[in-house]
Amino acid sequence: MRLVAVTAGLTQPSSTRLLADRLAQSTAERLGETAGITVVELRELAVDIANAFVTGFPGARLRAAIDTVTGADGLIAVTPVFSASYSGLFKSFFDVLDPEALAGKPVLIGATGGTPRHSLVLEHAMRPLFAYLRAVVVPTAVYAATQDWGETGDAYGGGPAERIDRAAAELADLMARRAPRTAEETKVNGAAEEVVPFEEYLASIRPGN
Amino acid sequence: MQFGIFSVGDVTTDPTTGRTPTEAERIKAMVRIALKAEEVGLDVFATGEHHNPPFVPSSPTTMLGYIAARTERLILSTATTLITTNDPVKIAEDYAMLQHLADGRVDLMMGRGNTGPVYPWFGQDIRQGIPLAIENYALLHRLWREDVVDWEGRFRTPLQGFTSTPRPLDGVPPFVWHGSIRSPEIAEQAAYYGDGFFANNIFWPKEHFQRLIGLYRQRYAHYGHGTPEQAIVGLGGQVFMRRNSQDAIREFRPYFDNAPVYGHGPSLEEFMAETPLTVGSPQQVIDRTLKFREYFGDYQRQLFLMDHAGLPLKTVLEQLDILGEEVVPVLRKEFAIGRPANVPDAPTHASLLAARRQQEDQEKEITV
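Just so you know, the sequences run in chain order A and B.
Position 13 of the first sequence, counted from 1, bears residue number 13 in this note's numbering, the numbering being contiguous throughout.
Position 359 of the second sequence, counted from 1, bears residue number 359 in this note's numbering, the numbering being contiguous throughout.
Heads up, some of the hints might be wrong.
To be verified - Stretch-level coverage of chain A by chain B, calculated; a stretch enters the list once three of its residues show a Cβ under 8 Å from a Cβ in chain B:
hint, region
1, 50-61
2, 145-153
Claimed, not checked - A few chain B positions that, by computed beta-carbon distances, are all more than 12 Å from chain A:
hint, residue
3, Arg19
4, Met97
5, Arg182
6, Ser245
7, Gln283
8, Pro329
Note that these hints are calculated values from the structure, not bench results.
Predicted model, so just to flag it, every value in this text is computed and none were measured.
Using N, Cα and C, we set each Cβ at its ideal position, and we do this for glycine too.
With the hints as constraints, model all of the structure from the sequences given.
Laid out in structure tokens, this is it:
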């Protein structure tokens, strides 16, 4: 099972990366020995992503990252909150993917911010983005505000650790229920070379069809 | 093997001088470049077709007809003719007329066009791009081969008893290439008709085009036109040369950095590593172009993009001198070495006419 975490944190070290790692570790523990974790740091690809917009094609480094993400059996996507939404870099990475590339893929979404007041970014920005990409997003999304890193929970609920474990369990469960992706499914850009005989195209344009 | 140039026809400010040519200057420059292509021994000049600024070539057959009158040998082509938004009846008429005026020195490259608003401007819907390309070409193909056509399709008004005039020269329709950057449907279309497939590979990494050309070759054979190796393949290229490669890079860099298509993105060096762009000495261009055969197999037509991004006419003409005198003669020689005898040249009017006569003679013998 290939578990991939995409993080759009910008600082080094970054709390976004920290959240991504915690989610990935918790998920991998539940999946058992078969899980391999790959982390894609978008910070390192920022220029490649911008270049892909300008030229219309991803360079070699970005191609490798795209292949990693599209070939994953489960994806963890974590962004810092910028201006009431996901960061531009985070969105840009998903903009250069083929729109079909994440269809049906189990995804766990997470976000980080300075205050808890932005937590609904997960529901109002992140979840619709992955719904558009036709990914299967697990019910629990994890938001970590700065203060959460010092919380252990209170009378009203568990702290971040509990939410991380719940979300990870949901992702691990979803991944385990699915057969690992076949070589055909993980081919870059889907099955672009699938041949439709030309007679079918001609038939489809006949009047009445 | 054919060598030539293709022009987008962009009016672009020269970033080194800040000067922008007028439309008149750019149009005349394109003509001058085409004449130069013949002078230096190239085989093909192809013009783009665009219907929005900053591009000038909206009326390709007007320009190609004028060039035809001033050249003797040059094959006049397009890169590309918009099969989606032009009326196929008008394409049939315009290019048959051009074929007569140019004594057969005409072929076309079909393309869908990538400028969204052109579709609604011409009454079409971009979401129907592929069906338009398929239906319009199916009609065009018949108009050039059947004297009287009855037609009903989804996109244009029906035809009853229609004859496209003039009829193709000697009854031989112009050879058609289908250009594509990403659509396997178009590779399939080219294969189905036994037409040429032109992969404009200049802006993208080669792996993508290896898959597309591989598909075309395999389907060309499937439809019984020959072996995969006999399929008719054309490729793009983009070069800038000076004797000393460092001079070439220094001179071309401001044009690269500000180019409308890819400027303000990756560095020149990165782009050269990822795409066929070669900026350097003539020998580097030769070495790089010869590699195309290793990636894509023996092929029939090589077109270079030489006159864009605001390069001044004088510079473009110098580039064509180098291309025609130092690069193409070596490429002709090298590409001929080891080329299997059964790999055909690109079809021309003369070769298509000869093939047709041969077929007619065979049919006569059978009836006798």
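Comparing the hints with the structure gives:
1. 50-61: Since 9 is at least three, the answer is holds.
2. 145-153: Violated: only 0 residues of the region 145-153 of chain A have a Cβ under 8 Å from chain B.
3. Arg19: Nearest chain A Cβ is 25 Å from B:Arg19, so the label holds.
4. Met97: 27 Å, holds
5. Arg182: 8 Å, violated
6. Ser245: 23 Å, holds
7. Gln283: B:Gln283 is indeed farther than 12 Å from all Cβ atoms of chain A, at 26 Å.
8. Pro329: 32 Å, holds
Checked against the numbered hints listed earlier, the structure breaks hints 2, 5; every other hint is satisfied.
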